[in-house]
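Chains as they are written, first to last, in the working numbering: chain A, 1 to 374; chain B, 1001 to 1256.
Treat the hints with care, as some may be off.
Straight-line alpha carbon distances no greater than 25 Å define the calculated BS3-like cross-link-like pairs of lysine-lysine that follow [stated by the list, open to error]:
#, chain 1, residue 1, chain 2, residue 2
1, B, LYS1031, B, LYS1180
2, A, LYS8, A, LYS119
3, B, LYS1029, B, LYS1011
4, A, LYS149, B, LYS1085
5, B, LYS1029, B, LYS1085
6, B, LYS1029, A, LYS149
7, B, LYS1079, A, LYS149
8, A, LYS8, A, LYS27
Everything labelled a hint here was simulated from the structure, so no lab data went into it.
This one's a predicted model, so the numbers in the text were calculated from it and none came from an experiment.
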Amino acid sequence: MVSQLEIKESEGGVLLVFLGGQWRAGKNVHSIGEIERSIVERRDVRRLCFRVNGLEFWDASLIAFLVKCEDLCRRNGVVFDIDDLPKGVKRLLFFSSKRVGGEVIEAPVEMSFLGELGKGVVDFFVGCGDVLAFLGELVLSLGRVIFGKGHARWRDFVVLVQDVGAEALPIVTLISFLVGFIMAFIGFTQLKRFGATIFVADLVGIAMVREMGVMMTGVIMCGRTGAAFAATLGSMKIGEEIDALRTTGISPFDFLVTPRVLALLFMMPILVIYADFIGVFGGLVVTSSFSEITFAEYWQETQVALTMKHILIGVYKSIAFGVLIALTGCLRGMQCGSSSSAVGDAATSAVVTGITSLVVADAIFAVLFDALDM
Amino acid sequence: MEKENTHIEVKHLRMAYNNFEVMKDISFKVKRGEIFFVVGGSGCGKTTLLRHMIGLLVPTRGDILYEGKSLIFGTDEEKEDILTKFGVLYQAGALWTSMTLLENIALPLEQHTSLSESEIREIASVKLSLVGLRGFEDFYPAELSGGMRKRAGLARAMALDPEILFFDEPSSGLDPVNAKRLDDLIVLLRDSLGTTVVVVSHDLTSIMGIADRLIYLDAEAKSIVAEGTPKDLARNSEDPRVVEFFTRGESTKWKS
């Protein structure tokens, strides 16, 4: 059975609508097209009435249909007469119609393209302001914590150091070994043609220490630690745990953000130096297994190629990267919204913002070190 | 009202989110040792008012005074001083989930007092037994039921022996028996310690049971539409919104 709809006109401008059959959602229920046509074509319709003698079954589809009829009547100045509808329908219609408390609630107006653009620009600058405010708050908090007046706990710091440092070792080992391995492999196949395979040591050593070691560690820590910071702080925010800290008179910055920034600031250089060694070792494995070059020769060449300057460049960058990763992670966590998907968004955003800022910072460093002749 | 008797004073507070005005102009006083309720329908801004009173949100106008000292315009030290004088029980407890119950209660004590570790442990245990959670010191919040979490939250709120306790919807999510128990605990605390209690609630049973005085907020009027004792408001209020609230929407008036 399907829905039935029949329209009859009677005297005095009354339009009679006979509703029958089964009004089941998704089963070809009628649209209001016919009624609309009748009302628009015949301009003398004053009242819309319903007859429901043949109505066997109805669900929300009938209510939706009637709400549309009501809207149509309002627009055309026709009286919407629901006296003959079943009681249940009338009651539901009362709640479904746009009248709540007697007044019509208008849907919010959709914004134009220019409006959206303007809003986007304003939001961008507000976002920049938020980042600056966060940075300022961090500096104040750092001052408090370093001079022992803040609310940070040594115990939390130790746990964080273990978490961002020691527990990241396996993944850092694997990735840097493979990066060194790959670079050596490419270098070896190219340099072999010139009989200059020993320079693989220079290539791997300098590239690893100046760029790849710190960059790959940065990306790993972004995905591993930055996302974890954002997710932890985000779910603490949702659970009102951060509010609870505030109202206990404990600054969430002192207690949560500053220890995280400090932990990463101290651990990143150590991880990066470790990654450099592993990368060089990766290069060594390739070179010593494909050529005549011995362990000692490779190591000797690496020592000649690497000066303190190269190592320091990597370390400087690692400190900056550590701060950037911790900052973006904590910032996104503290900005977290209150829905269940917000934590996921915060973690995603922390990784995206983190990696982007790493690459931008690396580019700035490249120009800077060039200018400083390093 | 005598000056010494006023514990909290809210003066001409205007609250807004971005451009959306929640409350226009509200002023009221809470007396020392009183159980004061902030009442109103869902979404009328009573939790927002609470968040302003505990310093989580900043009003767009007006002031909040604790014993005459401003929470809004004071220096950072003054504000921290005020913050340590009150405790808050959040709607879902808001315990720090990475710490055990004992650590939850110990943290405020560690940060704001110079007690030794063993003293802190003793005090925390006492507070836990006060809310009926003796023996749960080393449990994590996730291992507890909602009602227990709420009571643990109360123990934490009481950690620093606050002069004021704030409750955000204390009976929400609790069965009637546990809700009654929490109400009794609130009265017990007030009677034995003289704590000033501010409760945000729409639970009629709690309001009629333990409130000394209440204000009724209305979302449309954006202000306080009634103030008084619950019995007085339930019997004598002429305001249709208040009458409707106290009679659960039925037209007959509350008879007690």
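Task: Earlier hints that do not hold, by number - done: 2, 6
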